[in-house]
Structure formats: structure tokens, C-alpha cells
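Residues per chain, in single letters:
Protein chains: 2
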Amino acid sequence: MSSAAYQQLCERSREVYLLRSAAAVLSWDFETYIPSKAVPYRAEQLSYLEAKAHTLFTDPVVGDWLQAAEQLGFDPGLEEGANIREWRRSYDRATKIPVALIEEFEKTRTMAREAWARARAESNFSLFEPHVEKIVTLTRQKADLWGYRESPYDALIEDYEPGTTAEQVKPILKELRAALVDLLSEIETETKSLPENFLDGHYSIQGQQAFSREVAGAFGYDFAAGRIDTTMHPFATTLGPFDQRITTRYDLKRFEFSLYGVMHETGHALYEQGLPPDRAGLPSGEAVSLGIHESQSRLWENHVGRTPEFWHLWHPTACKYLPDLTRFSPTDLASGARRVALSFIRVEADEVTYDLHILLRFELELALVEGRLKVKDLPEAWNTRFHELFGLVVPDDARGVLQDIHWSLGSLGYFPTYTLGNLNAAQLMAAAEKQVSGLSDQLAQGNYAPLLGWLRENVHQHGRRYLPADLMRRATGESTQARYRIDYLRRKYLS
Amino acid sequence: MSSAAYQQLCERSREVYLLRSAAAVLSWDFETYIPSKAVPYRAEQLSYLEAKAHTLFTDPVVGDWLQAAEQLGFDPGLEEGANIREWRRSYDRATKIPVALIEEFEKTRTMAREAWARARAESNFSLFEPHVEKIVTLTRQKADLWGYRESPYDALIEDYEPGTTAEQVKPILKELRAALVDLLSEIETETKSLPENFLDGHYSIQGQQAFSREVAGAFGYDFAAGRIDTTMHPFATTLGPFDQRITTRYDLKRFEFSLYGVMHETGHALYEQGLPPDRAGLPSGEAVSLGIHESQSRLWENHVGRTPEFWHLWHPTACKYLPDLTRFSPTDLASGARRVALSFIRVEADEVTYDLHILLRFELELALVEGRLKVKDLPEAWNTRFHELFGLVVPDDARGVLQDIHWSLGSLGYFPTYTLGNLNAAQLMAAAEKQVSGLSDQLAQGNYAPLLGWLRENVHQHGRRYLPADLMRRATGESTQARYRIDYLRRKYLS
Numbered sequence: 004m005s006s007a008a009y010q011q012l013c014e015r016s017r018e019v020y021l022l023r024s025a026a027a028v029l030s031w032d033f034e035t036y037i038p039s040k041a042v043p044y045r046a047e048q049l050s051y052l053e054a055k056a057h058t059l060f061t062d063p064v065v066g067d068w069l070q071a072a073e074q075l076g077f078d079p080g081l082e083e084g085a086n087i088r089e090w091r092r093s094y095d096r097a098t099k100i101p102v103a104l105i106e107e108f109e110k111t112r113t114m115a116r117e118a119w120a121r122a123r124a125e126s127n128f129s130l131f132e133p134h135v136e137k138i139v140t141l142t143r144q145k146a147d148l149w150g151y152r153e154s155p156y157d158a159l160i161e162d163y164e165p166g167t168t169a170e171q172v173k174p175i176l177k178e179l180r181a182a183l184v185d186l187l188s189e190i191e192t193e194t195k196s197l198p199e200n201f202l203d204g205h206y207s208i209q210g211q212q213a214f215s216r217e218v219a220g221a222f223g224y225d226f227a228a229g230r231i232d233t234t235m236h237p238f239a240t241t242l243g244p245f246d247q248r249i250t251t252r253y254d255l256k257r258f259e260f261s262l263y264g265v266m267h268e269t270g271h272a273l274y275e276q277g278l279p280p281d282r283a284g285l286p287s288g289e290a291v292s293l294g295i296h297e298s299q300s301r302l303w304e305n306h307v308g309r310t311p312e313f314w315h316l317w318h319p320t321a322c323k324y325l326p327d328l329t330r331f332s333p334t335d336l337a338s339g340a341r342r343v344a345l346s347f348i349r350v351e352a353d354e355v356t357y358d359l360h361i362l363l364r365f366e367l368e369l370a371l372v373e374g375r376l377k378v379k380d381l382p383e384a385w386n387t388r389f390h391e392l393f394g395l396v397v398p399d400d401a402r403g404v405l406q407d408i409h410w411s412l413g414s415l416g417y418f419p420t421y422t423l424g425n426l427n428a429a430q431l432m433a434a435a436e437k438q439v440s441g442l443s444d445q446l447a448q449g450n451y452a453p454l455l456g457w458l459r460e461n462v463h464q465h466g467r468r469y470l471p472a473d474l475m476r477r478a479t480g481e482s483t484q485a486r487y488r489i490d491y492l493r494r495k496y497l498s
Numbered sequence: 004m005s006s007a008a009y010q011q012l013c014e015r016s017r018e019v020y021l022l023r024s025a026a027a028v029l030s031w032d033f034e035t036y037i038p039s040k041a042v043p044y045r046a047e048q049l050s051y052l053e054a055k056a057h058t059l060f061t062d063p064v065v066g067d068w069l070q071a072a073e074q075l076g077f078d079p080g081l082e083e084g085a086n087i088r089e090w091r092r093s094y095d096r097a098t099k100i101p102v103a104l105i106e107e108f109e110k111t112r113t114m115a116r117e118a119w120a121r122a123r124a125e126s127n128f129s130l131f132e133p134h135v136e137k138i139v140t141l142t143r144q145k146a147d148l149w150g151y152r153e154s155p156y157d158a159l160i161e162d163y164e165p166g167t168t169a170e171q172v173k174p175i176l177k178e179l180r181a182a183l184v185d186l187l188s189e190i191e192t193e194t195k196s197l198p199e200n201f202l203d204g205h206y207s208i209q210g211q212q213a214f215s216r217e218v219a220g221a222f223g224y225d226f227a228a229g230r231i232d233t234t235m236h237p238f239a240t241t242l243g244p245f246d247q248r249i250t251t252r253y254d255l256k257r258f259e260f261s262l263y264g265v266m267h268e269t270g271h272a273l274y275e276q277g278l279p280p281d282r283a284g285l286p287s288g289e290a291v292s293l294g295i296h297e298s299q300s301r302l303w304e305n306h307v308g309r310t311p312e313f314w315h316l317w318h319p320t321a322c323k324y325l326p327d328l329t330r331f332s333p334t335d336l337a338s339g340a341r342r343v344a345l346s347f348i349r350v351e352a353d354e355v356t357y358d359l360h361i362l363l364r365f366e367l368e369l370a371l372v373e374g375r376l377k378v379k380d381l382p383e384a385w386n387t388r389f390h391e392l393f394g395l396v397v398p399d400d401a402r403g404v405l406q407d408i409h410w411s412l413g414s415l416g417y418f419p420t421y422t423l424g425n426l427n428a429a430q431l432m433a434a435a436e437k438q439v440s441g442l443s444d445q446l447a448q449g450n451y452a453p454l455l456g457w458l459r460e461n462v463h464q465h466g467r468r469y470l471p472a473d474l475m476r477r478a479t480g481e482s483t484q485a486r487y488r489i490d491y492l493r494r495k496y497l498s
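Line by line, the protein sequences give chains C and S.
The first sequence lines up with residues 4 to 498 when you count with this note's numbering.
The second sequence lines up with residues 4 to 498 when you count with this note's numbering.
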């Protein structure tokens, strides 16, 4: 009976995946090619498919199968046991929230997103305030229903980074903050001289496309199982076991948007292409967390791409596709790609200051969820803390508390995964350098296969078999730490 | 109870449509942008969605609702009555075939399609013969289960042209054949002088795209509810109530492929864009038949586009986008677009000879289904009849009996809808000319709205409310006749 239950869980899980992957095709088309008038009906198609998938997975019979399968005592270190653990987590989280609350949350999100867009356009937080109020209230209700030991925030971060708590993250971010502030004071003077438009020029879209495609291919992206299209907001998405697509945007003056955008999304797509395709639809065939996912994108974008080694190797190819780059030496290009500057906007931030933006958001949303900060005091709290961290006065809410979409989507607990991604990237890279002999020489020669092979072996192939912290321990010897990233940044920006 | 049953039928019908339209998005992506390795899983997604839709619609409860709704005695001339009539037809046809037969037919089709491709490549009918044998046997079984009065062929054509029988089609095609043979003997000498490559030149893809888009827009195609992409085999497809997409192909030497291809698919898309969007998912919001659908594509492609009036108006625009066309006068272009030549291949045939190709196929598949022709005698029957009709000796089976995919797909009864489309196009055009004052002047000036308005009013808006023959009677005063097309061709090719 129990083994049959495990088989039935597999079958159901694959059916849910099939529906969600079909929805992913509809979403991809929604973002890339849909004609404008087709939008409302597409939203109906998508919510129907998602509702079907939800109903299939939360069917009480799934609970029965789970109970039966759990009694069989599968080893939690093996695939079956891990799948059961992950189904249990998802099933409990999905069934603990009553349908009425899900619907109220969805409605609130829809209205909050519109209000946020208007509030940001007018730089007027008061338009957004009542919506954040409601989002925080409903999110707290969800956290209470899900349950937690220390902070309700832990119940939220569980969606993105299973097994991680606020208490674990805090000391790591504290250590990182101190190090970044030091680092900034040391490098500030020498790098500030580089103007923002240093690399600006005339770069044809065809040239940018050809160049970024060649780089993605060299990194190991399989174009027979993917493609690159154009959207305003770049993303990577998976439409099925051999279908990992990327999008990017092109700026005729700045080739860096598309180039580093494609490297970033290629990192995400390489992770998905490295998951075991015969496990598609099972937890063991799925990415484990956002913090691990983001480590893959950051690793290829920053550790591999934003380096002098990259530009020494790729300079001729870049000049072939983008002739206006011949004005620059490889060293110029590497400097431009590593420019450091304080700024108000997270998505425009460089490698060094990026995590300070995240820190700020983590502290504030943690305080909101724990009830230590009132929504109406949020803008002031933002501006005060921003000044402490960056030494800059926020000019308006649009460039402050209103800049990100996340809270309007109800995604509290999401922000720290960006920094976890950065930390994991540095830590994985350090481990790969130790374990793969001659890795940096290989990378300097454009032989990216050994690095990808190491990531496949130590990260990709495992799917959700281990919790993120365990995955990091198995790959690097310890759970996520700040010091690998600190060492990396100091090496890269001070030498 | 009965009215509630009607509401439930509407709801179920819309749910089935939602699933099928979601599948249409997946199919569109399959034809346009899918990466090669993603194909097998996409096939799984598609067959899952289609199976879900089939199960929903053939649920016995649908039969109960139908019975209850039928007892309410809705007027069959009104929308509700027509919807019930159409659901009944679909429900009976879907439920009369046992699942085992459906599955055997699907397997047979899959193998037949592969065998056909191989047989055609090697021009060897014997490779395909056993598959046709099986297709004909299973098709006969289906026809017997569906039921018919005179010929089993009637049960097949019902899928494509509801309410039409072989006996109705025969005399019309006979009249057409005699007229075409006469016409060919009269025009042959003067038109044969035009070489096949008369219009060949150098036409950039960008120029072809811009030109055909402008023409499609002028005809009335709404790009906010559609788009044009590139595929090997052009098609039009509907992905939802405001999402009618077109594809085409580009040949750098021949702009006619893309131009007339886009006009043709635009005709299909205009029909779909003219269906009442608030009825999407109900029979009253669906196209009525292939013979009506094809009339819309042929009308815009041939009656509007393949004319001296078109080229006199569009010559400057064409030359702007495709400068190599400046070698030609408007009259040259019109002559090139109306070139008549005997050929072996249906899809390459001109307006005058096209229906002779269809006639041949209709006679042969009718004889196969009625058991008057053995599959092994098919190639000889083809070649003999081809020689009688065209006066040409078929050089090999690839250019003869193996050229079309339809029989490998099990689509017997499909071919006559092409000719019905041609006949309907001429008949509708004649009616429009009578009813819309100054129509030909309007068309000559590029004012296509009155024609589109007449088609919307008399064809598009009705969906499946009337059977095709009734729709034609309401729009033109009589059911489909041969003489309008004969008059049209004689006027166009003899004056």
C-alpha cells in the first residue's frame, strides 16, 4: 500500500507539473509576444490552470497517500524520502490556508500592485500605505496558520529558502554590512572617478544579440533546449524538462544591459538545464531555493563575466560584433564592468553596494512582520536607515521606499534570498577553485566546462534532495557564510 | 431544470474551450518558437490537455443536460436552439466512438504520417499502402458508428461541413469540371507564354514583411488582436477571443509566397476576429465549417488581391518596400499574379486548375470509402484520372498520389471543402457586389471596410447559428452553386 502511495504521489506530482508547465508556456507568451487585446482572456486561462493544479495537489487523497508513504520509513537522505519531505511541506503549506484567505490575498495583491504603480509614478507613499497595511495583516495571518518557532518571518522565508530562519540570517548580514562599509570607504576615491557613461556608445541590437548569444553558448547554455527573446524585464523560465528560455532587453547606448543580463539569466537557465530531466515534475527534479538559484546567476554574471579575465579573452569577439568597442582596451572594459557607485536604486546597484540595499529591506520587512514597525512609519524608517548605510539623503519615495514591486506582490521574506545568492555564489566559487585544479586558468582560456561540470555535480543534479543549507555544506563544507563574499570583493576591488 | 441545464452546458462548453485555447497557445509555440529538444514533452502536454477537454465534454452528465435542454423546445432558429443542436452533434459524434477505436486510430495516424513522409521521399507508394488500408478500414468503422443515410462518406464530411452529403457535392463538382476544362482550352495559349519565374527577383524579408503587414492591416486585420510570425507551413490560428495569429514564409526570390500567403491567412483570421467575442466557447461564437472558412481566405487572396485593381492601387507601396518591383508595371504584376499553368502539385496550382486537383481527390477518396476502389489500385486510378483531367502523365508517385498529407492524417472527407470554399467565395462576392453599392469602386480605392462589413454582417457574426447551406442561402439567396465561380473565372481570365 505505501509503495503504491509513493507511486501515486509521483504521478500526481507530475500531473501538477504538467499543468504548471503548460501555464508557463502561456506566461512566457504573455511576457514576449501576446497581442494587447488578448491579455484579459490570457489571465483567465492562467488562473484556471493554476486553480486546477492547486486543486489536484491539495486533494485530501494526496494527504492520505502522504501519510501512507511516510509510514514506509524511506531514508530522508535518499531520493524517495526527500520527495516525501518536500511534498509534505508543500501540501501542509497549501492546505493550511483556507480558500477564503487565499482569495482575499489574491484580490489584495491585484489592487496593491495597481496602487503601487500609481504611488511610484506620483512618488506618493500614502496611496500605497493602506494596501501595505492590508498585505502585512494578511501575511501575518498566513504566517500564524503556517506556524513558526521564533519569528513569523520564518514562516514566510520558508517559501523561498526552506529551512532558513531570520535568526540565522541576521548575524551573516551583520558581518557583511560591516565589511561592505569598510570596503566602500577604502575603494571609494579611486573608483568614483569613472563616469557612469564611461562605456556608452553605439551598439547595434544585432551585434549585442550575436555577442551575448555566443557568450551564453560558451558558458554552456543549450540553445536546442532554450532560446533568447526580448522583454522589458529580463527573466529566465522553464516550460518543460528541455525548455529553459531566457529574455533580455537591448539599449543601443549600453551593451552591458543585454550582455550581463544574458549572463545572469544564463546562470539561472544552466541550473534548470542541469536538473535531472527524468525527474521533471518531482521535487528531486526541481530547483531547491531562490538563494541557490540566485547563486547560479550571480556566479556566471559576476564571478565569471565581470572580470578582467573575461575581457582579455572576449575583447576581439566583442569588437567584431560591436565595433564601437574598439575604442576600449580589455582593461577599460573590465573597469567599466566593475564600476562602483553609491545609488538610490537597487536594480542599478553594483556588486559592492548591492547587498546594502538588501540589508535595508530585510531589516524593515522583518520589523513590519514582527509588528515592531508601523506601515505609516515605513518611509521615514527607510530614509533614516538609508542615510546611515549610504550617507545619502533619499530625494523622494519613488527613489526610496516605493522603488520595488515585491511588497505589492505580497512577497515578504523574498529580499534576503538575493544576498544569500551572492554569498552562496562566492562560497561555491571558492569551493570549486579548491576542488577543480587549474580552474582559474581554464576560465581565463574560455574553457567553462569544468566549472559547469562542478556545479552540475555539486548543485544542479540534486534538485530538492537536500535543504539549501545541507546542499551548501555538502558542496563547500559549511552552510552559507559571509566571509567568502567579503574575501572575493576585497580581492576584486582592492587589488 | 432545463434552463439550468442550458446554463451548465454553456459553462462546460466554455471550460472545454478554455482548455483547447490553452492547447492552441502551446501548439502555436510548437510551430513557431519551440526549441528542438522540447518537442517530446510538448506532445505530452498537448495530449493531456486534449484528453482533459474530451473527458469534460463527453461526461455522461453532459448527455443529461442535453436531454433536459432539448425538452425545453428552444427555437432552432435562435441562438440557444442552435447551440443545443451543435452540442448534440458534437456530443453524439464524440461519444459514439469507443475509446479503444479512438486510440487505435491515433496510433495508426502517427505511424501512417511517418510512413507517408518516407514513402513520399522515396516516391514509393508500397511503403504507405498498408497504412492507407488500415486508415480506410478504421474510418469506415467510424462512419458506421456515426451513421449515415446514403454514403458512409457523408458521415465523414459531417466533421468539416455539417449537413453536407456526397450526393449534394457531386453535381456541383461535375458542372465545375466541365466548365474548367472548357475555360482551360480557351485561355491556354495566351497565358502559357508567361514563364514561371516571370516575377522572380531580389526581395528582402524586411520589405516583404512590411508590405504584407500593410496589406493585412488595410484589409482590416487587427494587429492588437493578432501577429504574424514565420513558419515553413503558413497557417492561421486562434488562441482566445482576441488572439488570432497568422504565420507565413519568406522566399527571397518570390515575394508572392508571403504576400498571397498573408492575404489568405488574413482572410481566415478576419473570420475569426469577426466572431462574437462574448460568445467565445459557445457554438454561436465558433466558425461554422471549413468550406465557409476557406471562402474567407480565398475571397481576400483571390477576389481582392489577385486582381489588376489591387496592383494599380498598391504598385507604389509595393515598389517602396520591394524596390526590385519597379521593373514591373501594375499590369505586369497583375498578370504574374494570375498566371495559369497545368501542374502536378495541388499546393502550387493556380486559381483555374486548383479545383481539378480537388475533384480528382474527391472522386478517389469517395470510391475508397464506398469500397469501390481498392487501396492497391489507388496509384493507377490517380494517374489515369489525372491524365484525363490534365492531359499530363504523372512522372512518379511523389508528384502524384503521395503529394498530400491528408490521408495519412485520416482526414478523409476534407478535400471537397477546398472547392466549396472557392465556390462560396465567388458566390458571397457576387452577393456583396449586388448588395453593397459601388463595392468594386471602393475596393479599387483600397476602401476594404464595406466588404469586410458585409462579411461580418452576413457570415462572421453568426458563428454556428446556421448550417453552412443555410448561411449561404441567407447571405446569397441560394445554397452553394458552381456558376458564380465559373462566371468569375471566365470574366477574370478571358476578358
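There may be inaccurate statements among the hints.
Quick list of simulated restraints, FRET-style, between CB atoms [what the hints assert, rightly or not]:
1) C:R252 to S:H205: 48 to 54 Å
2) C:G480 to S:L255: 55 to 61 Å
3) S:E125 to C:S443: 53 to 59 Å
4) S:T35 to C:R252: 17 to 23 Å
5) S:D62 to C:G480: 56 to 62 Å
6) S:S207 to C:K323: 21 to 27 Å
7) C:T58 to S:T98: 24 to 30 Å
The hints are simulated quantities; they were obtained by calculation from the structure and are not laboratory data.
Think of the CB as a built atom: it goes at the ideal place given N, C-alpha and C, for glycine as much as any other residue.
Handout entry: Consistency of beta-carbon spacing, H205 of chain S to R252 of chain C, with hint 48 to 54 Å
Key = 33 Å, violated
Exercise for the section: Could you tell me whether the CB distance from T58 of chain C to T98 of chain S stays inside 24 to 30 Å? Expected result: For T98 of chain S against T58 of chain C, whose Cβ atoms are near 26 Å apart, the range 24 to 30 Å holds.
Handout entry: Satisfaction of the hinted span 55 to 61 Å by the C-beta atoms belonging to G480 of chain C and L255 of chain S
Key = 59 Å, holds
Exercise for the section: Starting from the range 21 to 27 Å, see whether the pair S207 of chain S and K323 of chain C falls in it by beta-carbon distance. Expected result: With Cβ atoms ~24 Å apart, the hint holds.
Practice task
Look at the Cβ atoms of E125 of chain S and S443 of chain C and judge whether their distance stays inside 53 to 59 Å.
Solution key: 55 Å, holds
Handout entry: Verdict for D62 of chain S, G480 of chain C (Cβ pair) under range 56 to 62 Å
Key = 57 Å, holds
Exercise for the section: Determine whether the Cβ-Cβ distance between T35 of chain S and R252 of chain C falls within the hinted range of 17 to 23 Å. Expected result: 21 Å, holds
Consistency note: the structure conflicts with earlier hint 1 alone.
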